[in-house]
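K.L.:
Chains A and B are the protein sequences, given in the same order.
If you read the first sequence in the working numbering, its first letter stands for residue 544, the second for the next number, and so on.
If you read the second sequence in the working numbering, its first letter stands for residue 806, the second for the next number, and so on.
Misleading hints may appear alongside valid ones.
What follows is a set of in silico ranges between Cβ atoms, one per label pair, in the way DEER data are often shown [to be verified]: (1) B:Val911 / A:Glu1014: 38 to 46 angstroms; (2) B:Ser854 / A:Gly835: 28 to 36 angstroms; (3) B:Asn820 / A:Glu969: 22 to 30 angstroms; (4) B:Val911 / A:His955: 50 to 58 angstroms.
Read the hints as simulated data drawn from the structure, not as lab findings.
Backbone N, C-alpha and C define an ideal beta-carbon position, used for all residues, glycine too.
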Amino acid sequence: MKTELFHLSWDPVGSVSRRLIDHYLMLGLACIFGSVSVAVGLAWRDALLDYAAVTAAVPLLVLLAGTMLLRQSLRLNEAIEEQLKQAGAASSAAGMGLRPLPDSEPLAIGWNKVLQQLQEQSAFAALDEWLSETVQTPAGRQCEAVFNAVSDGLAVTDRHGRLVLANNAFWVLRGTEAKDQRLGKEAAPLIAAAAPATSLTTLEALRENSGVLTAELRRGSELNQGVLRLSRTPLLDDTFEAGSSLWTLRDVTAQKLADEMRNQFVFTATHELRTPLANIRAYAETLADNEGIDVEQQKGFYNVINSEATRLARLIDELLNVSQMEAGSISVARYETDVERLIQEVMEHMQPQIQQKGLQFESKLPPKLPKLHVDKDKIAAALVNLLGNAVKYTPAGGLVRLVVEVDASAMHLRVEDTGIGISAEELPRLCEKFFRSRDSRVQQIGGSGLGLAFSQEVARLHGGKISVRSELNQGSQFTLTLPLS
Amino acid sequence: MSEQGKQILVAEDNNVLSDVLRFNLERAGFRVTVARTGREALGFLESQSFDLVITDYQMPELDGESLCRHVREAMRLEDLPVLLCTAKGLELDLEQLRSKWRLAKVIYKPFSVREVLATVQALVAPQAIVENVPV
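Bound conformation, chain A alone (with noise of 0.2 angstroms):
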């Protein structure tokens, strides 16, 4: 055979470019045939020797051309054949000896993808057994229970960042529904949408897959919305793939919520503190720099500075019955108490200030009241704060009532104001501590936000509550209810 002329060997089952060679080759051998039957045609006309190196390099010239580009285009399919062969032959998987191809052409891209592809699956598969070989001892299960029992969000993610672990608190904090919980998932995406109120910066640095971090997450634009915080540290133990990270997420709203009231808190006292203390510097200026102010005027300026101390100091005693209050350590020092008389006090005590506003005031009380078992100051504190607050925010003119009824079990101490008011969306928030209304008129007028907080914590000592009702702009209605046994 012509074959055999070069050196080739005609295998039946040799790879698909090698086939396509042959082919190709047995082709050219026709070409050659042909142009030597054109030779002998010339030379039959004798004028073979006019075209005869032509008639035989043109034909050589294409043919080696073409072997040498055809090699060249199926060396791809060459090695890929090769690689599949030698798996053919492998006895195990990890034997397969598959490489990516250093090549750019379609053919070598796509073969590096599905071998990419296939890394990770067995990546996947690895951990999976390595789980659940683990899973399976004692030691094993204990971990995963305590691993779903930690309070904090858990998760480790691989080098793409794909949730590879999570524990239950992870899809709880992370708001996903039970039937959603899929691992496999990218846990940065899943993350940033449970915290659509996170700022940008933060979320930017969630998408980037890898290094540390440590942010602050917001479900909502209000704090009590909801704030997580979470952490990204990479995983080096060499029981996880390399780039792997640990997530943890953590429920902060509370504390949150605590630090905003203490700032809250801070912001309300200095200003509270602030101003009598401007007024008592002021006029204690005044008076030390300037002489000859007449008696009567002087004596106005002492009266001054002694009513701002005297703020100051009720100030100071709110604080630290709401210190106690925090502590757990407040006290009611219960005795039989006529409760009549302590409403005549209360009233002696309010008078001025009802005369000073300009209001009118009334008091309806049942002819006999029942003697009750309570702190009286405490009491009396809680009634003073409650009108006092009636006082304060009923404009001159107005009408504030004390209404006392008497039931089976309770007695109900009502202070009725046509005062501004509270709205419906500040009216549950009321009795918080450090609490002030945003409504401007609230604003302008003095207050810790410590008044009713404190009235709230006596009434529960003894048993009883404080309920509100208002309307705004209409007027308000605080009842204290103190049970008779």
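Here the structure of chain A is known, so what remains is to put chain B in place on it, guided by the hints.
P.N.:
Frame of chain A, contents of chain B only:
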């Protein structure tokens, strides 16, 4: 006294404090008008002329900054010296406030009446230059 008859507007919602300011300023020979709110102060500024304004930052209806904006932008009172009283802890950018509204001085509460008086005297005296206000 050289300040005789100079008109000063005090915008302050705390009556006790505005009373003592009025007392001291009047004793030093100034004529004093007190406004209880920013809006009231604006009314006074529109109806009469003043040589100096002392304003609180936190005020009902219209705060001190809005008052400054009206004075400088709407009313174009470029040269009227303004003293702004404010409380620490409000987290205001005072330097920015001062340059934006060309304030003569920012005073922290609780302030010294003596210091306010000295500042006012330096500002409304004929040779007063804002940069030379005593601290």
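K.L.:
Checking against the hints above, which ones are violated?
P.N.:
Going through the list in order, the structure violates no hint and respects every one.
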